[in-house]
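Visitor: If you want the building blocks of each chain, they are given just below.
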Amino acid sequence: MIDPMASFEVKNIIPIRFLGLDFSITNSSLYMMLTVGLILVCFGIGTRNASIIPTKFQCVIEKMFFFIGDIVKTNAGDHGVKLFPYMFVLFLFICLGNIIGLFPFAFSFTSQLVVTIGMACLVFVASIIIGICRNGLHYFKHFCPEGLPSYIIPFFVVVELISFTFRPISLGIRLFANIVAGHVMIKIIAGFAVSFASVVTLSGLAIVPVAFNVLLNIFKLAVCVLQAYVFVVLSCMYLVESMAHEES
Amino acid sequence: MDPVAAKFIGGGISVIALFGVGIGLGKLFSSLVESIARNPSAKDDLMSTGLICFAMIESVALLAFIVAMCLLFVV
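Going line by line, the protein sequences match chains A and B.
So in this note's numbering the end of the first sequence lands on 370, straight run, no missing numbers.
So in this note's numbering the end of the second sequence lands on 87, straight run, no missing numbers.
No lab work stands behind these hints, which were simulated from the structure alone.
Incorrect hints may appear among the rest.
[What the hints assert, rightly or not] Example chain A residues on the side facing chain B (calculated, C-beta under 8 Å, incomplete):
1) Met127
2) Ala128
3) Tyr351
[Unchecked claim] Under the rule of at most 16 Å between Cα atoms (straight-line distance), these lysine to aspartate or glutamate pairs were calculated in the EDC-like manner:
4) Lys309/A - Asp200/A
5) Lys133/A - Glu363/A
6) Lys133/A - Glu268/A
7) Lys309/A - Asp192/A
8) Lys195/A - Asp14/B
9) Lys195/A - Asp56/B
Yeah, the Cβ is synthetic: ideal placement off N, Cα and C, and Gly gets one too.
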């Protein structure tokens, strides 16, 4: 049987070593460049002759723009507008990366834990820095709200700290596991089709796993967009939470 | 016990987490449908909250999946 995990292997395509560090171009970074290039080309073409009366392509671009704008506005309110560019780029990168990974023989870079946890840690560190810059040391009051009875404070602080540090891990693992689980499932069911087809008397039955795989791919497409959406909404919430402390 | 057999049994046991995930998703979507039926004008807000909750519940299932895959392929 073919190993379903084989497609997640990172292969080195152009080895580059610089100052003792590994800057090699792997298939993962190649697909990241492809994603970024695709975004740039689409947005370049779509907004080249931007006019009041949009062309069809410009409509699509504007629709995506307002979709993310609405997410940021509902979660962050008016002072969250500064977050919009980052959230927009994050959504496009994750969503397009997931969708590109659905193509046969393509590599989806969001199936690498280092990529997803890296993006999640970026949000996490940014939320700490924003919180400290905006509120100074008052930011740490977040872990110990006033009005608690004194005997409960140690437990509360520990629980809050654990849930706080678990945020980037859960954010990264959610995206990673969704993508990996979908890909493994598709590959295992494709393996059923192959093993049905190799038995002469059962070869007609091979159509069943193939048909199921088609449905699964449609479901995966929805999951790809949904996970990018969830990632953006959650990171937006985390960032806003550290910004919004200033009123109290 | 044969270590290979123990590995497979462990992979099977780790999927018991799906029991809780099933209950959670059932409760989530039943109350989501109910609240949309009660107040259809709030559908958009409810859907986005529901989808976030869905992703959070689903991540438990995916953690179980990771444990199972680690047992089967890594250990």
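Visitor: Hint compliance check: list the failing hint numbers for this structure, sorted ascending.
Guide: Violated hints: 2, 4, 5, 6, 7, 8; rest satisfied.
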